[in-house]
Amino acid sequence: MSVFVAVDQIEKVFNLSGGGQYVALKGIDLEIKKGEFISLIGHSGCGKSTLLNMIAGLDLPTDGEVSLEGEVVNGPGPERMVVFQNYSLLPWLTVRENIALAVEEVLGYLPKGEQKSIVEEHIDMVGLRPHADKQPNRLSGGQKQRVAIARALAIRPKLLLLDEPFGALDALTRGNLQEKLMQICQEHEVTGVMVTHDVDEAVLLSDRIVMLTNGPESKIGQILEVDIPRPRKRMEVVSHPSYYSLRSEMIYFLNQQKRIKKIRARKTAAIARHGLEKVNLEIGFVPLTACAPVAIAKEKGFFKKHGLDEVSLVRETSWRGIVDGIAGGYVDAAQMPSGMPLWMTLGGHDKDNRPLSMVSALTMTRNGNAISLCKRFYDQGIYSLADFKKMLLKSPNIQHRMGIVHPSSMHNLLLRYWLAAGGIDPDRDVNLQNLPPAQMIVDLQAGSIDGFCVGEPWNYRAAMEGVGFTVATDLEIWPGHPGKVLGVREDWANAYPNTHIALVKALLEAGQYCADPKNALEIRQILESREYLSTDISYIQLGDPASASCNLDRPMREYAHHIFFGDGANRPSRTEHLWHIVQMARWGDVPFPRNWLEILERGCRVSVFSTAARELGVLDVKYNRGNIQLFDGSTFDAEDPISYLNNLKIKRDFTMAEIILDSRTIKAA
Amino acid sequence: MTANISKRNSTNSQSAIGAWWKKQSQNILPPLIAVVIFLVVWQLASSIGLVKIPGPTSMVTEQRTRIYLMYPFFDLGGTNKGLFWQTMASLQRVFIGYSLAAIVGIALGILVGTSAMLNKALDPIFQFLRMIPPLAWVPISLAALQQNQPAALFVIFITAIWPILINTAVGVQQIPQDYINVRRVLRLSNQKFFFKILLPSALPYIFTGLRIAIGLAWLAIIAAEIIMSGIVGIGFFIWDAYQNNYISDIILALFYIGAVGLILDKAMGYLQERIVPNDKK
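These protein sequence lines map, in sequence, to chains A and B.
First residue of the first sequence? That's 770 in my numbering, and the numbers climb one at a time after it.
First residue of the second sequence? That's 20 in my numbering, and the numbers climb one at a time after it.
It is worth saying that the hints were derived from the structure and are not from the lab.
Even for Gly, the Cβ is constructed at its ideal location relative to N, Cα and C.
Treat the hints with caution; some may be incorrect.
To be verified - So the derived label-pair ranges between C-beta atoms look like this:
id	chain 1	residue 1	chain 2	residue 2	range
1	B	Tyr289	A	Lys881	35 to 45 Å
2	A	Lys803	B	Leu148	57 to 67 Å
3	A	Glu840	B	Ser208	14 to 24 Å
Said to hold, decoys possible - Straight-line alpha carbon distances no greater than 30 Å define the calculated DSSO-like cross-link-like pairs of lysine-lysine that follow:
id	chain 1	residue 1	chain 2	residue 2
4	A	Lys881	B	Lys285
5	B	Lys285	A	Lys885
6	B	Lys211	A	Lys927
7	A	Lys903	B	Lys211
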């Protein structure tokens, strides 16, 4: 379908009464197809109504242009009819007269009789026959809005623009009207643009949801495609598998906008102290059992001990928040899934694949992940990968979905590796979905996913609650695999080298503390609190494989225990990072870098780790953890990653590319 | 059974009157008592010589005034007419002057309200002119128009026009942006816009202006007539009575003026209520 409405590089500047200027919108580009329904969503004051007004022509852009069917909009007109936020009915006219006024003016070329029948038809369409001769002030809010919609549709606009049409209505009326509007739009193939800040309304009504960032200089932050088939019913869309992920995507976006605003307001310069370049750090983490070293470093004062006086922890519910925080420079450092630093270096996070050079100087945890499947598979006797494959072969028509937390995380790579080793193509035979860790169980319970691979405590909790069962733990796939690492931007590491070392020291010492079984109870108590996991302590298990979990039924395997310290666990390993690159390239997520040696050298800061370990007096640093061996018996040869890739049976068409890491110095923090 | 019902009905109707009285007595009694007290105090004050004007009873006791009181409709030619005719003459002037003021005021007000440029240009003049009291207009209008009748009309006109004009202009300027947007989106013709949006929207303001203006016009005519000698009108009647020291005549005329002013205001109020849509007030 061709472009119906084109919003082209719009910019809107308001002159302030004080003489200054406020750039409300900048660089807005949007193309709307005929028959499409678009929602504009964003926080108050983000300029979504301004954008709508500019499409309507009620307001003109300072720069750029809007066009409808190729014609530039330079004023309002009835082909772009607006349903205003506060109805804008004329109170001295009856319902019928209000609609007739519009019809007479716009469709004046039609014979009178036909005009009349159009008016009556639309009164019936919105079900206001009994109220046709009443004035608007005798109608309820919902009825008024129905009149406004009838008036808008009666003049057969090419484009219907709705400005928070249901904002002032009670929930029940809103629901009914939403369905009515949907039905009308569908029947008459209306192209619509709606401003709203109701997340559910946006999902229900839209084909695409356009999310605007906060002003000043608001732009389109993200566009979501709503793939829920029409006709939609309010009560039914909720059970569509995409519903909650769309919803959470929007809420994530809105929350992120709110946080960015807060951080912008708070942002202070680097405070140097104790010979460190910066002691006020924001450190991101995701609440998982694996965040123990971060939590302990904060709670037990290891940050302070190493001179980092003003560390605040930033709790993110999803790994995406961490990526955005690091990329946007809102957090200084973060606990990351082991593949994430190089994933970002290879541009995996950016929609244009622009690399953001990252470094890692510490492997914080190993193990702690598992693959869970829905309980019903267990009831069907599916206890292993082979059983799972058999089941998939038997039901080719059913789309099986599995949850992962992030494309760069070990969960994704492990799950894919595990599936592929069993002859299951992780993209074709199943469908992998990104979900925040904390949402896995809810989705598993709701049946919108069939299984997941995620860090603890969620596998354990799924088993304890009888929702799922652990079909494989990392101990069976790759014992001792890296779990979480410390990631910072390369420019940050270069700007604050001593701070970086202090940070590694604090976290390394915290890891040592976590590894001591004596401290387990205390750590679990810290982790269960609201600031961290906010979950029951019984779900939090650190390293003790002899705990109750192992005595559960047969499929509840040996508990996936975490390794926080010791035996060369913490040294950043180039071989392991290479394994990640290879696996991510294998699934087409990032290109395989021709200059992989350079990438590894720059991304893996062994020197920082080495300095930190020496200063702490930790001497059991091994140089090599040996070859990487996985459960399928294959050995990863770090000397020849490309032929390893070529020899894999199940893989995507991977690309090779020279990743040019310029010394783009973005001012850190 | 039937008896029972009818009995109940009769008690019902009785109690209906009672209920009405119960409800209304609170509204009627206090002002009635206040009026009576006022008159009594006045009468006492004048009979003991506290004030130099006669008491209210003088309107009946004074023979000359009693005639005016009893026969409002006599007409002996010239300015020697009953108070009804005197009042009607004044009212007629008000009616003409006020109508002119309303027509010109509303028209100008709409013009000024729709054009920001005109508003900027003319507003200072309006603000300046409206500060000039009605009486001050009398000499200049007499000088300009030479004759009593048109001069009196002009004074009324110039007094009544400002509240109408200014309120209309404000009313037009205050048309909610929503309605303007409706006009713009529908591309309503000017004529439709004027009759379907501008006028109904500004109507409450216009009526507020009209109501203020009618009071002012009535005030102005009395003042104007007092100065313009030799015309029929209640204002001149008062002046004439004063010259002849018929104080009780003046008192009676004052009652007429007050009553007519009250009636005019209430009539405008009633009209406003009837014409202006309910939710716009």
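Taking the hints in turn, this is what the structure says about them:
| no. | hint | result |
| --- | --- | --- |
| 1 | B/Tyr289 <-> A/Lys881: 35 to 45 Å | holds (37 Å) |
| 2 | A/Lys803 <-> B/Leu148: 57 to 67 Å | holds (59 Å) |
| 3 | A/Glu840 <-> B/Ser208: 14 to 24 Å | holds (22 Å) |
| 4 | A/Lys881 <-> B/Lys285 | violated (43 Å) |
| 5 | B/Lys285 <-> A/Lys885 | violated (41 Å) |
| 6 | B/Lys211 <-> A/Lys927 | holds (23 Å) |
| 7 | A/Lys903 <-> B/Lys211 | holds (21 Å) |
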